[in-house]
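**Student:** What follows is each chain in one-letter form.
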Amino acid sequence: MSGTSSSLSPGFADPAHDAQRLFRRVLDAFSHPGRIVSLAGAAVGPGTISRATTAYLLTLADRDTPLWLAPAFDRPEVRDYLRFHAGTPMVVSRSEATFAVLRHEDADPFEGFAVGTDTYPDRSATLVIEVPSLDEGPIRLCRGPGIDGEAHLAVAGLDDGFWRQCAANHALFPCGADLVFTSGSSLLALPRSISVEVSPCMSR
Amino acid sequence: MPDTSTPDTTIAEGAYNYAYLDEQTKRMIRRAILKAVAVPGYQVPFGGREMPLPYGWGTGGIQVTAAIIGRDDTLKVIDQGADDTTNAVSIRRFFARVAEVATTTCTEDATVIQTRHRVPETPLKEGQILVFQVPIPEPLRMLEPRETETRTLHALSEYGVMQVSLYESIARHGRISKSYNYPVMVNGRYIMSPSPIPKFDNPKLDRSPALQLYGAGREKRIYAVPPHTPVKSLDFDDHPFEVEHWSECCALCGSKESFLDEMIVDDAGKRLFVCSDTDYCEGRR
Amino acid sequence: MYVAVKGGETAIAHSLDLIADRRRGDRGLAELTLEQIDHQLGLAVDRVMTEGSCYDRRLAALAIKQARGDLIEAIFLLRAYRTTLPRFGDSQPLDTAKMVPERRISAAFKDVPGGQVLGPTYDYTHRLLDFSLAIAADRPEAPTAPADTARTLPHVGDILAREGLLEPPPATPDGRPDDLTRQPLSLPADRPLRLQNLARGDEGFLLALGYSTQRGYGNNHPFVGEIRYGHVPVAFLPEELGFAIEIAEIDVTECDMVNQFAGSQDVPPQFTRGYGLTFGHAERKAIAMALVDRALRARELAESADSPAQDEEFVLAHSDNVEASGFVQHLKLPHYVDFQSELVVVRALRADVEARRQRAAEERAVLGQAAE
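Residue numbers (our numbering), protein chains in the order written: chain W, 1 to 204; chain Z, 1 to 285; chain G, 1 to 372.
Calculated from the structure, these hints are not laboratory results.
Check each hint, because a few of them may be wrong.
Unchecked claim - Ranges between beta-carbon positions, derived for each pair:
#1 Z/I170 x G/R357: 17 to 25 Å
#2 W/R164 x G/R356: 40 to 48 Å
#3 Z/D235 x W/Y120: 25 to 33 Å
#4 G/L343 x Z/A268: 49 to 57 Å
#5 G/R356 x Z/T148: 55 to 63 Å
#6 Z/L143 x G/R356: 23 to 31 Å
What the hints assert, rightly or not - In silico DSS-like links for lysine-lysine, alpha-carbon gap of 27 Å or less:
#7 Z/K256 x Z/K204
#8 Z/K204 x Z/K270
#9 Z/K256 x Z/K178
#10 G/K65 x Z/K178
#11 Z/K232 x Z/K270
#12 G/K332 x Z/K270
As the list claims (entries may be wrong) - Covered, in the sense of this in silico footprint (three residues per stretch, anywhere, with C-beta under 8 Å from a C-beta of chain G), are these stretches of chain Z:
#13 64 to 78
#14 98 to 110
#15 121 to 135
#16 144 to 157
#17 202 to 209
Yeah, the Cβ is synthetic: ideal placement off N, Cα and C, and Gly gets one too.
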């Protein structure tokens with residue numbers, strides 16, 4: 001292992017309570033798709049990945065959850081940080097990943113990740129996608145469990161092509177990947193159960 | 001590399017981890033909970049642990065609660081609708097000890113409510129989490145004992161066996177005789193066991209603003225119903241779903257709307273009816 | 001006016017006091033020590049460690065004391081403690097050929113390399129109550145030959161396997177086996193998972209199932225190839241060291257069963273295997289486990305599988321006494337809300353029947369009048 005604890009930025013100051021508090025925010029986000037939650041106050045992380053992504057992974061990833069990093073994030077300081085603080089094994093094959101971290105401009109974000117099976121739809125990956133903003137993009141309508149009627153989604157940095165793939169992912173339900181968008185210290189979740197309109201209903 | 005499952009040092013009572021479970025176990029349960037929320041009504045297998053309470057006594061609910069609860073929470077625990085039944089007292093005491101959490105009997109004040117067999121009468125609100133203790137999570141289990149079979153039936157949405165069972169009940173009795181643990185359809189996809197709540201409580205699950213989490217410890221399954229999600233009790237056009245009703249009202253608070261427990265109060269078999277939900281009843285007196 | 005029953009907290013506190021009092025029993029008698037339990041009720045300790053999946057004689061003795069000798073309760077106590085312990089890693093597989101045996105017998109051969117070692121066994125005791133044990137007394141120590149720790153003890157099965165008469169050990173799936181105490185059982189299970197389940201399984205349940213195979217419910221024609229009981233080293237390989245170090249020595253009982261042969265056009269007939277392993281000295285459990293292990297291989301070996309012991313889902317789902325004990329006893333918990341629901345429904349159904357009877361009677365009366 002390269003890197004030692006002294007050269008790494010710290011993880012959670014108070015592991016049990018930090019993880020609990022952050023998990024409840026994440027649970028709030030999954031229970032209310034489209035809602036933006038703050039993961040502020042947690043670990044800063046290696047800087048290459050956002051604070052929200054760092055907090056999300058420290059909260060949920062460990063040695064039982066293989067992690068796939070997009071090339072932009074697949075750097076020694078990220079790998080060392082996550083290996084040290086979470087014990088997460090890094091994988092190069094997308095199909096083995098429980099979690100994946102991608103950039104909003106990465107092509108074919110869904111390609112190759114596990115979507116579960118009809119009998120075990122839970123055996124699927126969760127994709128963490130870093131975007132420029134969670135609330136400044138074109139507005140799309142979304143519907144599904146957790147949403148009272150319909151909600152507005154304004155994630156920036158994703159084109160119609162992305163949302164077409166997202167619709168195809170939703171069509172696999174109960175299979176499919178779950179999506180988490182992060183920007184800075186904020187996070188928004190879009191479980192596979194949610195349908196998002198491909199075309200924006202208004203732009204900003 | 002440090003061992004990530006090493007118990008942290010802020011341990012209640014010294015010998016055990018915060019909220020009893022080690023951090024690695026909590027993460028495993030938390031991941032299962034998020035999957036459950038993402039696929040409403042689907043039973044997510046999880047690596048259930050032995051708990052210090054016996055299987056069948058709420059270990060699933062306790063593990064779910066232990067994985068979500070924090071020092072900012074206020075916990076309410078009910079069994080049969082009451083806060084003061086021995087098992088509810090025992091579980092509440094457990095969390096007060098191992099999670100340093102505030103407890104309450106007031107439904108409105110609670111952020112997390114763990115329950116066995118009832119949904120509170122007071123409508124739940126957004127932000128609250130209702131944790132159900134589930135003995136048999138599989139709604140088809142009594143019709144098909146094999147897990148390998150029922151898993152396939154869910155995968156294929158092949159629910160004819162349930163329809164036939166309900167229909168047979170109508171043919172035999174003239175109505176659906178199922179009174180508790182009455183099966184529901186979640187978001188039009190999965191048939192789900194609402195746990196052994198009376199069917200009286202089923203309508204409260206439909207589009208509830210609160211998050212519903214269901215934990216089955218012995219069977220090692222977690223499932224969920226997110227807020228605002230349609231939960232339909234199974235029925236037929238000519239035999240619509242209906243709930244229990246009583247001609248009596250609560251002897252203590254006079255409620256005509258709540259679920260009533262029937263008690264035998266003398267040797268001659270005299271009956272008395274009182275609210276099963278003790279907090280609701282006390283609030284009305 | 002009626003007042004609802006209250007006071008759960010106080011009642012529980014008093015109940016705990018009472019059970020502590022009953023546990024201690026007559027204060028005029030000396031209190032049991034953990035050492036006494038470990039040394040004088042050693043087989044109870046062995047069972048609790050085996051089904052509790054935790055090798056710690058002192059903790060098992062403590063659990064037995066706390067449970068007042070209720071072994072299933074003791075197993076539960078030990079399991080609930082075990083589950084909170086941090087994991088540092090997995091040991092290397094035990095090499096039972098390195099066992100220093102206290103006892104080792106083969107029923108399939110008259111003699112075997114390394115010899116038959118009878119060792120301590122109840123097998124040839126006459127089951128006559130020994131009244132001399134009723135009073136504490138000095139008991140002579142048994143003479144023992146010095147253990148030959150240098151010699152390895154080849155398995156009888158391996159000798160047969162060399163000749164092709166016994167199948168090689170069934171192939172295990174690639175990679176590390178799943179850990180039943182960390183991941184939920186998924187079905188169909190592979191053999192490593194089944195063996196974990198059986199090792200933790202209730203001795204009584206496995207005994208009954210194993211017995212049922214002998215009585216024709218899935219018979220697999222077993223011979224005890226070998227039973228051995230003794231001390232084996234436990235090795236651990238720390239990643240940073242790169243080589244294994246011995247960290248402990250434990251007692252285990254191992255049963256290799258040689259079973260009914262199978263063969264096909266391509267594979268010449270050969271005997272098959274069943275396997276049992278326990279902590280401590282627990283031959284009944286090890287043999288029963290081996291019988292059930294072999295029974296559960298029915299499908300793999302293309303045998304018909306219609307007996308209870310061959311039904312993987314049935315066996316694995318019901319073998320655990322901590323699960324079974326909890327769920328059977330949960331019937332003691334209040335269920336009055338569900339019962340009230342049932343009462344309401346049954347009363348409604350009875351009213352329906354009564355109404356139909358009334359209507360029928362009225363119709364008959366009307367018809368009767370019309371006929372007059």
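**Student:** If a hint holds in the structure, say so; if it does not, say that too.
**Tutor:** Evaluated hints:
no., hint, result
1, Z/I170 x G/R357: 17 to 25 Å, "holds, 19 Å"
2, W/R164 x G/R356: 40 to 48 Å, "violated, 60 Å"
3, Z/D235 x W/Y120: 25 to 33 Å, "holds, 30 Å"
4, G/L343 x Z/A268: 49 to 57 Å, "violated, 18 Å"
5, G/R356 x Z/T148: 55 to 63 Å, "violated, 43 Å"
6, Z/L143 x G/R356: 23 to 31 Å, "holds, 28 Å"
7, Z/K256 x Z/K204, "holds, 17 Å"
8, Z/K204 x Z/K270, "violated, 31 Å"
9, Z/K256 x Z/K178, "holds, 23 Å"
10, G/K65 x Z/K178, "violated, 45 Å"
11, Z/K232 x Z/K270, "violated, 37 Å"
12, G/K332 x Z/K270, "holds, 25 Å"
13, 64 to 78, "violated (count 0)"
14, 98 to 110, "violated (count 0)"
15, 121 to 135, "violated (count 1)"
16, 144 to 157, "holds (count 3)"
17, 202 to 209, "violated (count 0)"
Consistency with the previously given hints fails for numbers 2, 4, 5, 8, 10, 11, 13, 14, 15, 17, ordered from lowest to highest.
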